[in-house]
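Engineer: With the hints as your guide, set chain B onto chain A.
In order, the protein sequences belong to chains A and B.
Heads up, the first sequence is in my numbering, so the first residue is 822 and it goes up one at a time.
Heads up, the second sequence is in my numbering, so the first residue is 418 and it goes up one at a time.
Straight-line distance between alpha carbons at most 27 Å, and here's what the computed BS3-like set of lysine-lysine pairs gives:
no.	chain 1	residue 1	chain 2	residue 2
1	B	Lys-427	A	Lys-1005
2	A	Lys-1019	B	Lys-454
3	A	Lys-1191	A	Lys-1255
4	A	Lys-891	A	Lys-1005
5	B	Lys-454	A	Lys-1005
6	B	Lys-571	A	Lys-919
7	B	Lys-510	B	Lys-432
8	A	Lys-970	B	Lys-456
9	B	Lys-439	A	Lys-957
Derived from the structure by calculation, the hints contain no laboratory data.
Being a predicted model, the structure only gives us computed values, none of them experimental.
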Amino acid sequence: MGRRLLLEHDNVAGIETFDVYRKNGGYRSVEKALKSMSPELVLEEVQKSGLRGRGGAGFPTGMKWSFLAKPEGVPRYLLCNADESEPGTFKDRYLMEKIPHLLIEGMIVSSFALGANQSYIYIRGEYMWILDILEKAIAEAYEKGFLGKNILGSGFDHDLSVAPGGGAYICGEETALIESLEGKRGNPRMKPPFPAVKGLYGCPTVVNNVESIAAVVPIINDGGEEYAKIGLGKSTGTKLISACGNLARPGVYEIEMGITVEEFIYGDDYCRGIANGKKLKACVPGGSSVPILPHYLVTKTAAGEDRLMTYESLADGGFASGSMLGSGGFIVFDEDQCIVRNTWNFARFYAHESCGQCSPCREGTGWMEKVLHRLEHGQGNLRDIDLLAEINKKIEGNTICPLGDAAAWPVAAAIRHFRDEFEWHVDEREESQKRNYGLIREPQSIA
Amino acid sequence: MSSSHIDLSKRHSEKPVFSAEKMAEVQVLFAQYPEGKSKSALIRVLHMAEEEFGGWLSIETMDYVAEVLNIQPIEVYEVATFYTMFNLEPTGKYVFEVCRTGPCMLLGSDSIIDYIGSKLNIKVGETSADGMFTLKTSECLGACGYAPMLQCGKKYHEHLTKERVDEIITAYRAGQTPN
Chain A
822 MGRRLLLEHD NVAGIETFDV YRKNGGYRSV EKALKSMSPE LVLEEVQKSG LRGRGGAGFP
882 TGMKWSFLAK PEGVPRYLLC NADESEPGTF KDRYLMEKIP HLLIEGMIVS SFALGANQSY
942 IYIRGEYMWI LDILEKAIAE AYEKGFLGKN ILGSGFDHDL SVAPGGGAYI CGEETALIES
1002 LEGKRGNPRM KPPFPAVKGL YGCPTVVNNV ESIAAVVPII NDGGEEYAKI GLGKSTGTKL
1062 ISACGNLARP GVYEIEMGIT VEEFIYGDDY CRGIANGKKL KACVPGGSSV PILPHYLVTK
1122 TAAGEDRLMT YESLADGGFA SGSMLGSGGF IVFDEDQCIV RNTWNFARFY AHESCGQCSP
1182 CREGTGWMEK VLHRLEHGQG NLRDIDLLAE INKKIEGNTI CPLGDAAAWP VAAAIRHFRD
1242 EFEWHVDERE ESQKRNYGLI REPQSIA
Chain B
418 MSSSHIDLSK RHSEKPVFSA EKMAEVQVLF AQYPEGKSKS ALIRVLHMAE EEFGGWLSIE
478 TMDYVAEVLN IQPIEVYEVA TFYTMFNLEP TGKYVFEVCR TGPCMLLGSD SIIDYIGSKL
538 NIKVGETSAD GMFTLKTSEC LGACGYAPML QCGKKYHEHL TKERVDEIIT AYRAGQTPN
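Same shape as in the complex, but just chain A:
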């Protein structure tokens, strides 16, 4: 088991309360930052840490912060993206439920660095009970003088509140989140202007994922360089992985970046293998939007090297034979699962969640869902498989936000690696309705 920087105290009784959290070292980073550091120095530490956005895109957090425009007399905002909705992802929920003060602490320090006197946590509406937990913790932080006016006598004022969504995956996209927080439909905005220049209420805004903001706490406590010592290359620090599907021990794990995928799936400290003694068929390692990997590309890359839990290694091989770390939503499929059915299921998800603003996505996601539905139900033909690839190309890159790409790529990957299984659904229409295809064979050469 590696170091745990975020979840170290997740099993301490009462850790959700201010007093217990404080006794376990909580709010030290606020004291340190506000009393002995300048905002620029906090930013510098975050840049040194190499922290990359934990919501899925993996963009360096320090760099994102450095883009924030600072015009005189205009308020700046920090928004926490707690709209966790990517299928397979349930890590932020765990962190907020268990250790709400860690997020609040991170919000205060991050806001100090950005010069934001007001910040908001935008949480998906279905997590309403977590909103209650957060508001209780925020009230405690106000009471203890860590929020409000002149925090710890530093002269820094900060207000923090929580706002719920209403059930819309798209609001995890940062400009849709901003629209939603302004009380509107979650339609993503055209970029530029980027939120760093024109975000909430037209003011400079940074939007960061829950886990990214929480990670600022150990970065300030221990220093950016210490944080960067954990991990491998440009994948520094620890990462929360939410593991699910056909695993013996699903759940949320904090891993040191760089452990092998093999250890994560089969190791005693982690998922302990596939449930019920079955074989691994496939894995979606970073949430439903990332390419699916067939069993022979999960623990090894196409070049035969160990696949590691890092941004780089999971992407090794590009779209031909790799995937992405994404949000850390790690979904495992056993030998009895049907890839066509799952691809249809995810396509249905994206069709349901498309905001409808851009025609290629609005029409394309629904069309793909229909085609996959008929393939899965033994009513498709071979042309449908190529049709999916064509629809894909028409969506990809032609929409305002990445939901279109997120819908297109998983379908493309499923066909790339599991074409035989798709064709079997056409060639063996009746048989495919009675049983599953089973494991696919490893091709002679992996392109």
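Structural biologist: Same frame as chain A, but now just chain B:
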């Protein structure tokens, strides 16, 4: 696309009005946003209104929310129809939203949906004859590691089995909140 229509045949007979206590809660929300930006509280106020006024948003409720926020009714309608959590027609006393997305499907959510349907003698989208339960499906609710699951109000019921579903239904019928 998830947008839905407002059925004007479904109405509230009286104008809904927040109690003084709820109105004070609304004022606290307004204070969280800068001057003139109280529209930011819209989604939260709609959740409150739904809870206060029968578990769904009638046109009367939405018009009232517009009045409270001092915005145009259309601004409320466009939001209420966009977000899938809002019920635009009356539901049963308890709404079961069973997650059907990938990770839950891998662990048998389809059979849980079928089982609830057959037990309550309803299809997805319908309400049981006694008005107690509405069955809906939902997309990923962030409980993938504890699948299959359903949400009822603020409560997540996870690791569902048929036996577990039986217990949950029995408890709600008896007026209790199941663990």
